[in-house]
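Student: Model the full assembly from the supplied sequences, consistent with the hints where possible.
There are 4 protein chains.
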Amino acid sequence: MKIAMLGSGFIGRFYADSLQGYRSRDKIVSIYSRKEESAKKFAKDYDVTFPTSNMEAAINRPEVEVVCIALPNNLHEDAVMLCCKHKKAIVSTKPLGRNAAEAKRMLEAVEKTGVFNGYLEDLVYTPKFLKAHESVKKGALGRILWAKSRETHPGPHSDWFWDIEQAGGGAILDLGCHCVEIARSYIGKDIRPIEVMCWADTQVKPIDAEDHAIGLVKYENGAIGQFEVSWTFRGGMDLRDEVMGTEGTIWINNFMRTGFEMFTTGKGADYVAEKAETNTGWLFPVGDELNELGYNHMFMDMFNAMEKGIPPKETFYDGYIVNCVLDAAYQSAKTKRWEPVNLDIWRGRVGVSKDSHLQEYDADHYLVKEEVTHYGAKKVILKNKKTGKILEKVI
Amino acid sequence: MKIAMLGSGFIGRFYADSLQGYRSRDKIVSIYSRKEESAKKFAKDYDVTFPTSNMEAAINRPEVEVVCIALPNNLHEDAVMLCCKHKKAIVSTKPLGRNAAEAKRMLEAVEKTGVFNGYLEDLVYTPKFLKAHESVKKGALGRILWAKSRETHPGPHSDWFWDIEQAGGGAILDLGCHCVEIARSYIGKDIRPIEVMCWADTQVKPIDAEDHAIGLVKYENGAIGQFEVSWTFRGGMDLRDEVMGTEGTIWINNFMRTGFEMFTTGKGADYVAEKAETNTGWLFPVGDELNELGYNHMFMDMFNAMEKGIPPKETFYDGYIVNCVLDAAYQSAKTKRWEPVNLDIWRGRVGVSKDSHLQEYDADHYLVKEEVTHYGAKKVILKNKKTGKILEKVI
Amino acid sequence: MKIAMLGSGFIGRFYADSLQGYRSRDKIVSIYSRKEESAKKFAKDYDVTFPTSNMEAAINRPEVEVVCIALPNNLHEDAVMLCCKHKKAIVSTKPLGRNAAEAKRMLEAVEKTGVFNGYLEDLVYTPKFLKAHESVKKGALGRILWAKSRETHPGPHSDWFWDIEQAGGGAILDLGCHCVEIARSYIGKDIRPIEVMCWADTQVKPIDAEDHAIGLVKYENGAIGQFEVSWTFRGGMDLRDEVMGTEGTIWINNFMRTGFEMFTTGKGADYVAEKAETNTGWLFPVGDELNELGYNHMFMDMFNAMEKGIPPKETFYDGYIVNCVLDAAYQSAKTKRWEPVNLDIWRGRVGVSKDSHLQEYDADHYLVKEEVTHYGAKKVILKNKKTGKILEKVI
Amino acid sequence: MKIAMLGSGFIGRFYADSLQGYRSRDKIVSIYSRKEESAKKFAKDYDVTFPTSNMEAAINRPEVEVVCIALPNNLHEDAVMLCCKHKKAIVSTKPLGRNAAEAKRMLEAVEKTGVFNGYLEDLVYTPKFLKAHESVKKGALGRILWAKSRETHPGPHSDWFWDIEQAGGGAILDLGCHCVEIARSYIGKDIRPIEVMCWADTQVKPIDAEDHAIGLVKYENGAIGQFEVSWTFRGGMDLRDEVMGTEGTIWINNFMRTGFEMFTTGKGADYVAEKAETNTGWLFPVGDELNELGYNHMFMDMFNAMEKGIPPKETFYDGYIVNCVLDAAYQSAKTKRWEPVNLDIWRGRVGVSKDSHLQEYDADHYLVKEEVTHYGAKKVILKNKKTGKILEKVI
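Protein chains in written order, with this note's numbering: chain A, -10 to 384; chain H, -10 to 384; chain Z, -10 to 384; chain X, -10 to 384.
It is worth saying that the hints were derived from the structure and are not from the lab.
Take these hints with a grain of salt, some might be off.
The list treats identical chains as interchangeable, and a pair is accepted whether it falls inside one copy or across any two copies.
[Stated by the list, open to error] Pairs of lysine-lysine residues, derived as BS3-like cross-links and limited to a Cα-Cα distance of at most 27 Å, are as follows: (1) K30 <-> K382; (2) K(-9) <-> K297; (3) K302 <-> K(-9); (4) K126 <-> K178; (5) K76 <-> K101; (6) K375 <-> K323; (7) K33 <-> K297; (8) K378 <-> K343; (9) K256 <-> K120; (10) K33 <-> K382; (11) K126 <-> K16; (12) K358 <-> K24; (13) K375 <-> K33; (14) K323 <-> K207; (15) K207 <-> K378; (16) K256 <-> K178; (17) K33 <-> K93; (18) K30 <-> K367; (19) K256 <-> K374; (20) K24 <-> K74; (21) K368 <-> K127; (22) K378 <-> K368; (23) K93 <-> K74; (24) K29 <-> K(-9); (25) K16 <-> K74; (26) K126 <-> K358; (27) K378 <-> K323.
Bear in mind the structure is a predicted one, so any value in this text is a computation, not a measurement.
Tutor: In structure tokens, the structure reads:
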């Protein structure tokens, strides 16, 4: 696959490392950066033939088969429109838009034009997520009750994130977009998110956007998604998911505790640890960030889908749904009440009712719980269907 | 110390194991149970001279120095009033009341009578909590931003918990009382809890009370407490705390991952594992539950305080505050908005303002973040105080 | 129990904290230290009426019921002999002697005199060990094949440990005594240790004794004990046990990863972390060292046994066996071959033969392994009893 | 790269998944299996054009650029000789030979012929190892003192492993080859392994080879490598490395505890967990085995090296060294003493002396240890260079 890369910053370089990694047959052929010298530096580092500070020029080259958007949030829409103009396939970084309105316009544009569109939500492509999700789909956890995703760290590296105009928001938009899509994937992407309750505050940083937020997303079947996001966390990057089902539990730690622990006094003179808050004492490195964070599996899905002429797992439609949920979260943080998720476009199931909590025991009773007593006997706690009385019965 | 024990069930036995454990000089001298034979069984097991099914008789014995209430929630108030009548010191299990009104009456009764009163919130006495709390007080985490406590398991063992009349509520009341006091202790017990937002649902069990809930508690200084409680969790007992501060982080796992891991095929014929959902495969036992769950340090604090004539760390006042917070949580779950915490009695600080998030960098700028760039240079991200502009500066 | 404490150093204070902790009815009534002022300091800190620098004076007081030896290794024998002279019960710290000859003389002295003798091997009294050991005895792990104990840290605090004359050895004697008794307990204290192979070296410290050693102890039933000890470990105290059985596995981490994790920038001005190599970054505190390291359960067993007139779980006999194993380890480190464990006194089983590895499958075959194939079929790998041929069979 | 694959079993399929995974430009073009139908099945599954049961035919095809040997141990030498005959580049699975003699003949053959040769030791290519090793090389751990690698599981899947004639040995050869090369890599591949001490036994399985072994490998600079291998472990696959240096520690867990935890009741009817001893209760899956076990990075290094015309990180020479160490281990298990490693071919450093353990403090003293006392004072423990006396000094 021949790729035009838009953006030469932190995330663009991460993408490039993944795209051209291993023994890949994919290649970046043009690179756009707002700054000429950044484009040239990137071109040199990744062996790209055409660096430019003209976005359209990077896109509109005959050999370009797909455009990869790795730009600040406020530039996504312009980039998408240019790709549509030149009928280029698009894969775009997250969040899709700064809000649902932007996302909707992008979604409509790509669908009208008919170009391939992929939403680069890498965290539903991590190896752990993929395996966990497969187990969930096979029923290993029963009915999903709650899915939480947490992403917190000490704040992003680039200045534009901290500027609410360019970023469109704070930790909710930057990190919550991951968390919402992770929870939604566990609960079922065909289940409609109904309403959102969110707390957000600016606790530590002198910025206009929120640096810490917690939100709950209610789905039509009664399941709950939860996100915990912050730019004020100390200790590294905390990236964890937890899922509860009627038959099981999943806990995933993507970054801080993955089976690699190192203590160092730091005496090794020129030793510098990877991006972390400290490079002495106990450190918890990640072996292969590109793979652990899902980039490899994500691009594989995207390009395999393109070659087969089918949509990838994550499309602009998913990006749009996420933006709608986040809009409701921002609204709720202001109104201090649950706010509905407004979905002008919804392609999942409709009219889903809440899953029942009434487990039949016999004609007259529901089952509350089975227990083994201290004496080794089995007892059941039951509820009488008519009277509502709770009773115990040794069996 | 000579103790009258009220209640011979699960929690009464746990207390007795702790009270009479190690080389203790404390002794249970009377035991009340609603059922005569339960009282007798308990008396035999713990070498108690006076078993009875008459509550007042158990309390009103000359040798009794302190009464330990280990009864269902709906019986706490009666027991407290009897103790006051006979001027006996009291330590009561959690939650104090089924609601703030009950708790307030109990608080007022003991204070009017002048008897010693202790609130048996064991989870702020666990060895890990004690050490973590000391670190927090010494400033190791800086200003506390968020304190979460999670307690989830597959549901209580006794029938009365599942009956909303006797219990007064579901998982919020049973488990949330722990979580609220843990978070409050980290944030500061003199900081007023202002308002609560709570989601609660009955997702799995055929009961009238909630079996799953998540709540946020806002404090006057801007800190956030969070509780996650459930009777629907699969996999054992999940008992974890997380605290974020401006200078650090604490993670505590009290039960599931404490450095003890066992795999067994279960072939050992008569082997039965402790209370857990399974007794084969990978198991994660707790070495010494009494100590890990705080019982030992809790009773030590209670009785040492009694002997010194001072209040213990946790009194009925604390139990009352917790009930007020939980009342607001129940209210919020109904109204779907943040609800104020109504505190008729408040003895902490008043008029605390929200902590500032504006960290001075120089006369014209606030500091957003310090970073080391890829090239080893130090850069700062700043915000102009007047224009609000975000800028980067390499230093 | 009224206790005479011999030794006011690090370990004596640990013991005192445990002995007089919680709501204990035990009391230290005399304290001996080689330095007068140390005795006085200890007496003040622990409310002891009789401080002295005369060892015999501390022992030979009418109210003393038991003497607790917490002295450097080279003083154990003298202390024991004085206790025998005055017919006082003894509990002694580990190792019992600097070698088997010393240990044997002490064992013979207490048995001849008939005084109570307890060997303070705290690590077989940790809550985790107690629960793990109970599971092993019940058969949860089947036949024990291998038991490893590892104790490594950056070296002891007091000078006498580093002096081979006073200490009698290095890391093997200081730490290996724990490891040997732990492994022996899992394998079975009635199973005779036969021979030892040990590597030892002085890799880092400018001392005459070894600062790092690894040893294997073969038992008569074919099981293997393993110890890994060092004074050169960086990162804190590594205290782990691993046990393999035919039906299961146990992993215990007593110190470094027990469910308590803290990150701190160290900005909290007066914050000082507990004995660790660092007080910033990620720290892993232990909640209640006294309990986690077994001191509480150890003294409970000792004194309960004394009161009942029975021997405790660990006696001087056990201390003697451990010294014999360690003597063989030192010998092996020199000769570079397996060395026999010379046991003049052995009270366990004799003539135990090696457990068989031949699991019957049918009249003609032994079972090597059962497997589920990729196709879901069950297959067995068998060995023909006569020909020795390995074959697969789908069943 | 066009590849001929020899062997269609478990490991051959693993290799194929890696070779043709992601967006790879490499392709398997011929497949040899001893059984015709296995070759055909493999050809179909991996889209290979030329299946055959004639080994030479698979190798000797014009389009084949490199031959990948994934055969039972006893067939490696024949395969290598055929590759040499046809001047094909070779990458061979581990261990290289059943013993050093075989390995030496293979090494000499490829070097005489001049064909590219790679030794497929995947576990020094895992992402965690690569990052850890880089840190070690940069000095983060100081001087390496000890490197242990442990690989234990319940035994291999295929019958030939259990047949000592085909396999050439048991757990030592099968698993120890990994462990030896891991430890050797941490200590330094240019440091000569001098001698080996090994315990081995057949504790559980009715086979002629060892099913459990522990070995120590001494290097010329005084560092110690350790391997722990077994086919009798219960609970899954235990794959851990530990490294101690004068300035730090590394702990790596490659399989059992990598941040992915799942509990399931197993009620999800058709759910089958991956290769593990159980599919209910707590499970610890690995997200992406191919990557976590190093296959991807290994083949990337191999083929990149081929294209650049340089040797890969691991060559037949390394396989030969490993076989020499294992031969000494087998010898030691019989003689019960340390056995020398006989290296007819050695290309590393010679005459390396043991690293000194004498750290200078001042003209008269060596430094034993620095400590912070309870009173916050700094003290040093010193050793007098002449008298050997140990002393403390507060500074």
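Student: If a hint holds in the structure, say so; if it doesn't, say that too.
Tutor: Verification of the supplied hints:
When the C-alpha separation of K30 and K382 is checked against a cutoff of 27 Å, the pair qualifies only between copies, where the shortest distance is 21 Å, while the shortest distance within a copy is 74 Å. In this assembly of identical chains, K(-9) and K297 lie within 27 Å of each other by CA distance both inside one copy and across copies; the values are 16 Å within and 24 Å between. Taking the closest pair of Cα atoms, K302 and K(-9) come within 27 Å of each other only inside a single copy of the chain (21 Å); across copies the shortest separation is 31 Å, beyond that limit. With identical chains, the CA atoms of K126 and K178 are at most 27 Å apart within one copy only, with a shortest distance of 12 Å there and 45 Å across copies.
Only within a single protomer do K76 and K101 lie at most 27 Å apart by alpha-carbon distance; the minimum there is 11 Å, versus 57 Å between protomers. Proximity of K375 to K323 under the C-alpha cut-off of 27 Å is restricted to the inter-copy arrangement: shortest distance 25 Å between copies versus 44 Å within a copy. Taking the shortest Cα distances, K33 and K297 sit within 27 Å of each other only across copies (20 Å), while inside one copy they are farther apart (32 Å). Within a single copy, K378 and K343 get their C-alpha atoms as close as 24 Å, which meets the 27 Å cut-off; across copies the closest is 47 Å, which misses it.
Taking the closest pair of Cα atoms, K256 and K120 come within 27 Å of each other only across two copies (18 Å); inside a single copy the shortest separation is 40 Å, beyond that limit. Within a single copy, K33 and K382 get their C-alpha atoms only as close as 75 Å, which misses the 27 Å cut-off; across copies the closest is 26 Å, which meets it. In this assembly of identical chains, K126 and K16 lie within 27 Å of each other by CA distance neither inside one copy nor across copies; the values are 34 Å within and 32 Å between. Taking the shortest Cα distances, K358 and K24 sit within 27 Å of each other only across copies (23 Å), while inside one copy they are farther apart (64 Å).
Proximity of K375 and K33 under a CA criterion of 27 Å is satisfied in neither setting, with 76 Å inside one chain copy and 40 Å between copies. With identical chains, the CA atoms of K323 and K207 are at most 27 Å apart both within one copy (18 Å) and between copies (15 Å). Taking the shortest alpha-carbon separations for K207 and K378, neither the intra-copy value of 30 Å nor the inter-copy value of 37 Å comes in at or below 27 Å. In the homo-oligomer, the alpha carbons of K256 and K178 lie at most 27 Å apart only across protomers (23 Å), although the nearest pairing inside one protomer, at 50 Å, exceeds that limit.
In this assembly of identical chains, K33 and K93 lie within 27 Å of each other by CA distance neither inside one copy nor across copies; the values are 36 Å within and 44 Å between. In this assembly of identical chains, the alpha carbons of K30 and K367 lie at most 27 Å apart only when taken from different copies (20 Å versus 70 Å within one copy). With identical chains, the CA atoms of K256 and K374 are at most 27 Å apart between copies only, with a shortest distance of 26 Å across copies and 70 Å within one. For a Cα distance limit of 27 Å, the shortest separation of K24 from K74 inside one copy, 23 Å, qualifies, whereas the shortest one across copies, 56 Å, does not.
Taking identical chains as interchangeable, the C-alpha atoms of K368 and K127 lie at most 27 Å apart only when they sit on different chains, with a minimum of 25 Å there against 30 Å within one chain. In this assembly of identical chains, K378 and K368 lie within 27 Å of each other by CA distance solely inside one copy; the values are 16 Å within and 51 Å between copies. For the identical chains of this complex, K93 and K74 are intra-copy neighbours only, at 17 Å inside a copy versus 64 Å across copies, given an alpha-carbon limit of 27 Å. Taking the closest pair of Cα atoms, K29 and K(-9) come within 27 Å of each other only inside a single copy of the chain (18 Å); across copies the shortest separation is 35 Å, beyond that limit.
For the homomeric pair K16 and K74, the shortest alpha-carbon distance inside one copy (23 Å) is at most 27 Å, but the shortest distance between copies (37 Å) is not. Taking CA atoms no more than 27 Å apart as the test, K126 paired with K358 passes inside one copy only; the shortest distance there is 25 Å, against 32 Å between copies. Taking the shortest Cα distances, K378 and K323 sit within 27 Å of each other only across copies (24 Å), while inside one copy they are farther apart (42 Å).
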